[in-house]
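Participant: Construct the complete structure from the given sequences, taking the supplied hints into account.
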Amino acid sequence: MKKIIVTGLMAALVIACGSNNSGENQAPSSPASSDQSSSSGNPSYDPNRGAGKFTKVEISASLDAAKAEAGSKVYSVKCSACHKLTDEKLVGPGWKGVTSRHSAEWIMNFATNTDEMLTKDPKAQAQLEICLVRMPNQNLTDDDARNVYEFMRKNDGIK
Amino acid sequence: MKKNQVLPLYVLAAVVLLGTYSCKPRNAGSAVTSGAAEKAYVAPGKYDEFYNFVSGGFSGQMSVYGIPSGRLLRVIPVFSVDPEKGYGYSEETKPMLNTSHGFVPWDDLHHTELSQTNGEIDGRWVFGNANNTPRVARLDLTTFSTAEIIELPNSAGNHSSPFITENTEYVVAGTRFSVPPDNVNGDVPINTYKKNFKGYLSFISIGKEGQMDIAFQIQCPGVDFDLSHAGKAKSHDWFFFTCYNSERANTLLEVNASQKDKDFILALNWKKAEEYVKAGKGKKVAVKYAHNVYNEKTHTATSEIRNEVTVLDSKDFSDLCYFIPCPKSPHGCDVDPTGEYIVGSGKLAALIPVFSFDKLQKAIANKEFDGNYEGIPVVKYESALYGEVQKPGLGPLHTEFDGKGNAITSFFVSSELVKWNIKDLKVLDRVPTYYSVGHLCIPGGDTRKPNAKYVIAYNKITKDRYLPTGPELAQSAQLFDITGDKMQLILDFPTIGEPHYAQAVSADLIKSKSVKFFNINDNANPYVSKGEPEAKVVREGNKVHVYITSIRSHFNPDNIEGIKIGDEVYFHVTNLEQDWDIPHGFAVKGAPNGELLIMPGSTQTLKWVPDRVGIFPFYCTDFCSALHQEMQGYARVSPAGSTVPLMFSTGKNLPPSDSTSAK
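First to last, the sequence lines map onto chains A and B.
Residue 1 is where the first sequence starts when you use our numbering, and the numbers rise one by one after that.
Residue 1 is where the second sequence starts when you use our numbering, and the numbers rise one by one after that.
No wet-lab data here; the hints were simulated from the structure.
No residue lacks a Cβ here, since even glycine has one placed at the ideal position from N, Cα and C.
Where hints are given, some of them may not hold.
Claimed, not checked - Pairs of lysine-lysine, DSSO-like flavour, derived with a Cα cap of 30 Å: (1) K511/B / K120/A; (2) K284/B / K208/B; (3) K536/B / K154/A; (4) K530/B / K84/A; (5) K84/A / K652/B; (6) K96/A / K652/B; (7) K73/A / K516/B; (8) K53/A / K46/B; (9) K362/B / K46/B; (10) K536/B / K96/A; (11) K96/A / K67/A; (12) K271/B / K73/A; (13) K120/A / K46/B; (14) K449/B / K271/B; (15) K53/A / K513/B.
Unchecked claim - Computed footprint of chain B on chain A; a stretch qualifies when at least three of its residues, placed anywhere within it, have a C-beta under 8 Å from a C-beta of chain B: (16) 80-86; (17) 125-134.
Facilitator: If you want it as structure tokens, here you go:
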């Protein structure tokens, strides 16, 4: 009888310790950061569009001067520190010809969804290997991004 | 057969032995039971459940911890300069530390109090008090920075502060060191204390946007007001202040202020005071105090000196103030979630008196008084007393509530937390603290709705709890799980300065409102550069204004020439980043005024008076990108009277390098 009680107590101790150990050994749960999946192996990823909210941007043949003017102001405050309007690389690539190198959707997605693009988009990653400075997310609104794209078109000679 | 029966027993014994070893507390004195690590563990990348706002004591700052992990999240500079934040060094933040005595770089922050609506924490602001040069600060919980500071005239040792009423109508400030009022000649012999020294209780009104104004002050006898708490629900209109030194001693208070068996809790009807002030019964008194406000749009603080305050003299009004006798130099003054029970904690007592608000009201109505003290009626002890907790421990200091009918009181002398039931005044549980606990905190523990998952003890003495670090050790806080009947120690964590009071609140109330960066387009600093095209250098007499931008990873301009000895140079650095957690720093060699730290979208200014001719590098001090090391520039300082023209550039040489190569 005595033996049974003692054994029972011992077992209780073991159980108490067990739960303690399991706590310490618990694997950290999944990281807080969002989607880590890469574009490779994901056939649905469109490298011409990039990752972000813009899927189809309507662009007219001629320049929207008002948009380009608004875009120029955004450029001055938020972009000009790193991007020249020539083809010369400063911190980031110069903007001359950028509208023929990338689609409107890709540019606007990159400008507004910078971190995810730098993590998964092949063209953005290739550029990062050259510049080695991650483009800051300058928190452009959707309109800002569209206007900056129009300013890029103006810079590329669209009239 | 017998052998086979014995073997499993050996195995079991071995297993049990192993188990017991792993269970044995690593530190024999810590009394940690199983499961503690699990309860305090917050996995990497996961958030804590509570924010804990902890006073920084003699550091003058307020620190923010995550609970239950005990992670230090931020130290918010309040009453002291802070090189880590640039607070008190940049031209924009210097006015925050202005007082009627001038710039005070270091004070002593004792208590924290989160703003409330209907007696519950609302997550808008947290207040802190400066004990030395009396002030109250309001901290904004969207930016975790100090938004406003108001100085208190007629005061010294602002200790019973910054406690608030249930809708944050008022923040109070009660003077611990009575002094002669500011508007009379204070050049009096110190031994005329009883005649000339007064205690003041200030009521600071809080506007919709948080604006602080001294609505009125109440002049009281020259005792030492210690701590306070507002009433709740039925006692909403009342404020309760403990005081010691009713002996009114002015020397060796350790002995001379401990003569009487009882000091007082002052019950003050602030609604009545409000009415008297509205009716014009207050006296306008000429004083001098600073009011400092940080403007988030200009990223600049302004300081103004105010010259008048309204005073009510407590002895002129028969229904404003009442003294309740309270044993042995009372310290903490805590009101339970229902507003009925007021707990006074005598520092030298071996019992806890609990007063009843209903009984107090009846005693006042029936004039059950024991005479008066300096014109203020003294309610009979028994008439206001609900009951006493007998033999709870030695030296009760502070009490918080669990919202389930129980209170937890800290005991400094016997170094423990004691849980007791408010209704039957019976002790339910006690746990030792390491060592000598002062304040304690339950999330919402002084509100109508405590969230009683944890209690945190803030200890005054650390000794052997941490690895030795010389004569001084970090203060120790201890976290207890109080979800069960027994309080369970689950974590020790070090704190900044000396933690006095602290408050905690569910992170959900605050985290989603946190500002990530300042919109550069809204930046209204007069010296902002909105984009690199606006960067420039302008001379105004001997003042040189450098409008300089920073973005990963360069300054514009980064070559500056034409500064001369005798000039005052102002680097107005605008951080062009519009991204979370990307501050830039700014430091220039030899600047005796410190450095800058500039939040994304903001502008901060470093004043620099060069002391010698030469080339002075400047650089970014806060790691910003892979090319952070390259984020540097040069300023050239020429002798007084030099003809070197003012020039500035980035990315090209001005003048062209070949034009100077011959020299």
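Participant: Each hint needs a verdict: does it hold in this structure or not?
Facilitator: Verification of the supplied hints:
no. : hint            : verdict
1   : K511/B / K120/A : 29 Å, holds
2   : K284/B / K208/B : 25 Å, holds
3   : K536/B / K154/A : 27 Å, holds
4   : K530/B / K84/A  : 17 Å, holds
5   : K84/A / K652/B  : 14 Å, holds
6   : K96/A / K652/B  : 20 Å, holds
7   : K73/A / K516/B  : 23 Å, holds
8   : K53/A / K46/B   : 27 Å, holds
9   : K362/B / K46/B  : 52 Å, violated
10  : K536/B / K96/A  : 26 Å, holds
11  : K96/A / K67/A   : 18 Å, holds
12  : K271/B / K73/A  : 55 Å, violated
13  : K120/A / K46/B  : 24 Å, holds
14  : K449/B / K271/B : 23 Å, holds
15  : K53/A / K513/B  : 24 Å, holds
16  : 80-86           : holds (count 3)
17  : 125-134         : holds (count 3)
Hints 9 and 12, counting from the list given before, are not met by this structure.
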